[in-house]
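Novice: Throw the hints in and build the complete structure from the sequences for me.
Number of protein chains: 2
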Amino acid sequence: MKLYMNRASPFARKVRIAVRELGLTGRVQEADTAVSPVAANETLGRDNPLVKIPTLVTDEGDTLYDSRVICEYCDGLNRKSRLFPAAGPQRIAALRRQALADGALDAAVLCRYELALRPEALRWPDWIAGQKAKVFGVLDLLEAETGRFGEEFNIGQIGAACVCGYLDFRFPDWNWRSGRPQLAAWFERISRRPSVAETTPP
Amino acid sequence: MKLYMNRASPFARKVRIAVRELGLTGRVQEADTAVSPVAANETLGRDNPLVKIPTLVTDEGDTLYDSRVICEYCDGLNRKSRLFPAAGPQRIAALRRQALADGALDAAVLCRYELALRPEALRWPDWIAGQKAKVFGVLDLLEAETGRFGEEFNIGQIGAACVCGYLDFRFPDWNWRSGRPQLAAWFERISRRPSVAETTPP
Chain S
1 MKLYMNRASP FARKVRIAVR ELGLTGRVQE ADTAVSPVAA NETLGRDNPL VKIPTLVTDE
61 GDTLYDSRVI CEYCDGLNRK SRLFPAAGPQ RIAALRRQAL ADGALDAAVL CRYELALRPE
121 ALRWPDWIAG QKAKVFGVLD LLEAETGRFG EEFNIGQIGA ACVCGYLDFR FPDWNWRSGR
181 PQLAAWFERI SRRPSVAETT PP
Chain P
1 MKLYMNRASP FARKVRIAVR ELGLTGRVQE ADTAVSPVAA NETLGRDNPL VKIPTLVTDE
61 GDTLYDSRVI CEYCDGLNRK SRLFPAAGPQ RIAALRRQAL ADGALDAAVL CRYELALRPE
121 ALRWPDWIAG QKAKVFGVLD LLEAETGRFG EEFNIGQIGA ACVCGYLDFR FPDWNWRSGR
181 PQLAAWFERI SRRPSVAETT PP
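Here the protein sequences line up with chains S and P, keeping their order. Here my numbering is used: the first residue of the first sequence is 1, the next is one more, and so on. Here my numbering is used: the first residue of the second sequence is 1, the next is one more, and so on.
Some clues are possibly wrong.
[As the list claims (entries may be wrong)] Covered stretches of chain S, as calculated for chain P (at least 3 residues, CB under 8 Å):
no., segment
1, 19 to 28
2, 69 to 83
[Stated by the list, open to error] One side of the interface only, derived from the structure: several residues of chain P facing chain S at Cβ under 7 Å:
no., residue
3, L50
4, Y65
5, G76
6, L77
7, V109
[Claimed, not checked] Taking CB as the label site, the calculated pair distances span:
no., chain 1, residue 1, chain 2, residue 2, range
8, S, D59, P, R123, 42 to 52 Å
9, S, S36, P, R27, 39 to 49 Å
10, P, P202, S, D59, 44 to 54 Å
11, S, L122, P, D173, 15 to 25 Å
12, S, K132, P, A86, 33 to 43 Å
13, P, A86, S, A40, 13 to 23 Å
14, S, A184, P, T25, 38 to 48 Å
15, S, A8, P, E198, 21 to 31 Å
Since the hints were derived computationally from the structure, they do not count as laboratory data. Quick caveat: nothing in here was measured; it's all calculated off a predicted structure. All C-beta atoms, glycine included, are put in the ideal place defined by N, C-alpha and C.
Specialist: Below you can see the structure in the form of structure tokens.
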């Protein structure tokens with residue numbers, strides 16, 4: 001299988017962590033791919049009209065996106081699901097936490113585009129403040145939920161780890177750990193997991 | 001259950017169509033909710049730190065987001081899933097199509113924010129062009145896939161219908177039907193379905 005990815009993308013990292021947790025590294029070729037919301041990428045665009053990473057081309061030639069779909073597909077390749085609980089309340093709880101993390105990542109990536117991609121004269125402080133407030137709201141909820149994580153590392157925790165890692169990478173000045181000791185301690189512990197350590201942004 | 005929604009939101013529409021397809025209208029109270037990425041909504045923010053609609057508060061008091069998670073939850077309330085195929089290739093195909101549609105909606109909503117919310121002096125034509133290209137790429141792929149839809153109306157087709165409806169609502173000048181006769185004919189037919197007709201934007 002071919003995975004369009006790059007090391008800076010937090011959504012690609014979700015998939016790369018999942019692939020490692022599931023023991024699928026030998027079956028997935030990671031293809032470094034540059035994407036930008038204001039520039040075409042014809043190679044990737046032929047497979048995914050959204051021109052986003054991660055995108056997975058399966059051994060059957062099917063093209064899958066986005067990170068949620070690819071992670072669920074990969075989980076289904078093993079006999080027993082490990083990252084997505086079976087139907088029922090535990091599954092919905094994991095999916096809700098994944099959506100929470102994805103929402104924070106969407107907001108953080110929009111901040112990044114605003115601050116690093118958009119011409120300086122066209123930046124809008126209200127937009128940055130609004131997106132940043134979403135990220136911090138999510139961090140506060142994760143801080144409250146971390147105590148219930150235990151040893152669980154399903155798609156919800158993978159998403160949470162990618163949020164923490166992305167903020168360390170792109171927004172170290174936001175000091176996300178401040179006032180969130182439980183989340184900070186959890187992320188420190190989980191960062192030693194090989195799947196997380198190997199996929200740390202550059 | 002309480003559903004934070006408004007009639008203009010294409011993601012809320014996905015849930016509202018799902019609720020109707022599943023015969024759950026009697027169990028869901030639709031609460032009209034104004035949201036903006038640059039303004040707080042304290043009521044909604046208490047339930048969902050992303051401050052986005054749709055958000056569902058279940059009868060058990062759990063709060064669910066985003067549209068994908070709520071639709072899957074609602075589908076699971078019936079004895080037999082109808083909108084999300086069971087595990088396997090058909091499920092992944094439906095989820096991939098939902099992700100395709102969601103991606104187009106994300107891009108279209110970002111265009112809307114840029115053109116209707118951001119102060120005019122801060123708008124960036126390259127951003128609009130890039131997001132619009134994603135939407136049209138998705139429309140072209142849907143045009144190619146429509147012939148295989150048949151009578152199927154799962155979460156993938158629900159997403160596709162919400163894309164078409166949102167473009168009619170917010171971007172009629174984009175003429176999405178032009179050069180896409182199959183998608184246009186499918187959307188005309190599907191628009192007569194009560195779940196779709198009742199949820200048409202204002």
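Novice: Run every hint past the structure and note whether it holds.
Specialist: Verification of the hints:
1. 19 to 28: violated (count 0)
2. 69 to 83: With 4 residues close enough to chain P, the hint holds.
3. L50: This hint holds: L50(P) lies near chain S, its Cβ roughly 4 Å from the closest one there, short of 7 Å.
4. Y65: Holds. Min distance 5 Å.
5. G76: Because about 6 Å separates G76(P) from the closest Cβ in chain S, which is inside the 7 Å limit, the hint holds.
6. L77: violated, 11 Å
7. V109: With Cβ-Cβ at 11 Å, over 7 Å, it is violated.
8. D59(S) to R123(P): 42 to 52 Å: About 44 Å separates the Cβ atoms of D59(S) and R123(P), which means 42 to 52 Å holds.
9. S36(S) to R27(P): 39 to 49 Å: Holds - the Cβ-Cβ distance for S36(S) and R27(P), about 44 Å, lies within 39 to 49 Å.
10. P202(P) to D59(S): 44 to 54 Å: Holds, at about 46 Å.
11. L122(S) to D173(P): 15 to 25 Å: For L122(S) and D173(P) the Cβ distance comes to about 23 Å; the hint holds.
12. K132(S) to A86(P): 33 to 43 Å: Because 40 Å falls inside the window, the suggested range holds.
13. A86(P) to A40(S): 13 to 23 Å: violated, 38 Å
14. A184(S) to T25(P): 38 to 48 Å: At 44 Å between Cβs, range holds.
15. A8(S) to E198(P): 21 to 31 Å: violated, 43 Å
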